[in-house]
Amino acid sequence: MQKTIRLTAAAVLLLLLPALATAADFDGGKLSPLWGVPFAGILLSIALMPLLAPSFWHHHYGKISAAWALAFLLPFAATYGATLAGVQLVHALVAEYIPFIILLTALFTVAGGIHIRGNLRGAPGLNTAILAIGAVLASFMGTTGASMLLIRPLIRANDNRVHRVHVIVFFIFIVSNAGGSLTPLGDPPLFLGFLKGVSFFWTVQNILPETLFILAVLLALFYFIDRHYYRKEGVLPVDPTPDTPGIRFDGAANFWLLGGIVALVLMSGFWKSPVVFDVFGTEVGLPGLLRDVGLALIAVVSYKLTAPKVHADNQFEWGPMAEVAKLFAGIFLTIIPVIAMLKAGTQGPFGAIVSAVTRADGQPDPAMYFWATGVLSSFLDNAPTYLVFFNTAGGDPAALMTTYASTLAAISAGAVFMGANTYIGNAPNLMVKAIAESRGVRMPSFFGYMAWSMAILVPLFVICTFIFFR
1 MQKTIRLTAA AVLLLLLPAL ATAADFDGGK LSPLWGVPFA GILLSIALMP LLAPSFWHHH
61 YGKISAAWAL AFLLPFAATY GATLAGVQLV HALVAEYIPF IILLTALFTV AGGIHIRGNL
121 RGAPGLNTAI LAIGAVLASF MGTTGASMLL IRPLIRANDN RVHRVHVIVF FIFIVSNAGG
181 SLTPLGDPPL FLGFLKGVSF FWTVQNILPE TLFILAVLLA LFYFIDRHYY RKEGVLPVDP
241 TPDTPGIRFD GAANFWLLGG IVALVLMSGF WKSPVVFDVF GTEVGLPGLL RDVGLALIAV
301 VSYKLTAPKV HADNQFEWGP MAEVAKLFAG IFLTIIPVIA MLKAGTQGPF GAIVSAVTRA
361 DGQPDPAMYF WATGVLSSFL DNAPTYLVFF NTAGGDPAAL MTTYASTLAA ISAGAVFMGA
421 NTYIGNAPNL MVKAIAESRG VRMPSFFGYM AWSMAILVPL FVICTFIFFR
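For what it's worth, this note's numbering labels the leading residue of the sequence shown as 1, then goes sequentially.
Read the hints as simulated data drawn from the structure, not as lab findings. None of these values were measured; they are calculated from a predicted model. Don't be surprised by glycine CBs; every beta carbon is placed ideally from N, CA and C. Among the hints, erroneous ones may be present.
To be verified - Straight-line distance between alpha carbons at most 30 Å, and here's what the computed DSSO-like set of lysine-lysine pairs gives:
1) 196 <-> 309
2) 63 <-> 272
3) 326 <-> 309
4) 63 <-> 326
Said to hold, decoys possible - Okay, the calculated beta carbon distance ranges per label pair:
5) 395 <-> 249: 37 to 45 Å
6) 448 <-> 275: 16 to 24 Å
7) 270 <-> 359: 29 to 37 Å
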């Protein structure tokens with residue numbers, strides 16, 4: 001089956017390549033809403049199949065992603081021509097997907113090369129400090145990188161506690177989601193915005209108050225809840241991993257490589273070069289090209305320099321990254337017609353969606369954008385959800401960063417914050433859950449976790465709406 005898909009994809013590329021040098025106009029207003037079915041299909045597959053058919057999904061998610069991508073690409077090429085299909089295919093891969101995956105791979109590899117050794121006492125003060133540190137790190141090494149770096153030492157610190165579930169749940173709230181809201185490095189949706197033209201420091205300048213409010217309330221709530229359990233339960237008579245006088249880092253050289261990642265992303269945002277390469281109709285600037293090559297080299301250097309024992313201690317493997325790469329290949333292709341239809345505005349096939357987030361005077365409603373983006377990010381992946389509403393709001397980064405800054409802030413905050421509402425809202429959520437369960441923590445079920453988020457996060461988001469997005 002996999003060989004068949006590869007051959008089919010190769011045949012499609014061979015058919016398209018001769019036509020790719022010619023650009024083609026793409027009027028989404030003339031498309032049928034049915035072209036959005038493959039996009040909805042792949043997102044529903046990601047959301048439901050791990051719950052309904054986990055074994056089948058685990059073995060065939062790459063084939064399912066490819067099938068949905070071909071379900072869009074082949075009919076589109078047959079209906080509108082190979083030229084238009086080819087231009088859109090190359091643009092999605094070269095301008096968005098490849099830079100996106102290269103950054104995630106670099107962050108994943110570098111974070112996987114750092115192992116925190118040692119064990120401290122999981123008292124409320126220490127636990128709160130670890131969550132706060134993780135929140136800061138998340139915006140610079142990604143929510144995935146910060147989560148993978150800190151979840152194991154946090155579990156070790158609390159392995160003599162009777163109640164530990166709340167520690168992991170708040171870790172997902174804070175480190176795996178809200179903490180990554182201040183830079184494009186923090187969470188995939190923001191990096192996609194950066195690729196679309198949103199400046200690197202725009203998010204920290206425009207949603208810092210919202211982020212500090214969410215994090216301050218969550219950290220305070222966690223401290224008092226953890227203190228309650230700590231005083232009530234005491235500790236187990238025997239600590240599975242006794243306390244050590246301090247901690248140390250194995251693979252600490254990767255911190256320098258992490259600095260290189262930050263420098264490369266900043267360089268690509270600030271350096272404006274007139275050198276542009278045309279890749280079958282898609283323009284690729286020299287800064288972006290050098291950034292991607294540099295990030296790929298950093299990933300290779302990190303993997304080669306990191307001692308095998310560090311990777312073994314971190315249980316480092318490529319499986320999670322391979323899953324992300326395969327699924328997002330399908331997402332970035334199937335979202336092409338959805339974005340085009342949304343760009344058509346109220347007169348397009350998705351005019352009802354655009355109208356729902358637009359006020360009577362024709363201006364975008366930040367509160368509606370916050371909740372619409374957030375609710376979908378809770379059950380779908382937050383990266384494509386961000387793209388959908390970024391384009392619903394017009395898709396012009398210059399206008400969104402200035403005239404409609406409150407709208408872009410609402411979209412950004414909704415995508416990042418509300419990815420914490422369910423296990424499937426953001427990739428690190430499931431990774432953290434799996435690691436915790438492998439260490440003996442009995443994590444809540446899908447709906448059990450939602451009970452936590454509904455009780456804690458949703459009221460917090462309502463308050464946030466009245467304060468920041470009215």
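Hints, verified against the model:
For the given pair, residue 196 sits about 39 Å from residue 309 by alpha-carbon distance, which is inconsistent with the 30 Å threshold. Distance hint between residue 63 and residue 272 is unfulfilled; the C-alpha atoms sit about 39 Å from each other, more than 30 Å. Taking the CA atoms of residue 326 and residue 309, the gap is about 28 Å. The hint holds against a cut of 30 Å. Note on residue 63 and residue 326: the hinted pairing holds, with a Cα-Cα distance of about 9 Å set against a maximum of 30 Å.
The supplied range of 37 to 45 Å is met by residue 395 and residue 249, whose beta-carbon atoms lie about 42 Å from each other. Range check, residue 448 to residue 275: Cβ separation about 54 Å, and the 16 to 24 Å hint is violated. The hinted window of 29 to 37 Å between residue 270 and residue 359 holds, with their beta carbons roughly 35 Å apart.
Of the numbered hints stated above, those contradicted by the structure are hints 1, 2 and 6, listed in ascending order.
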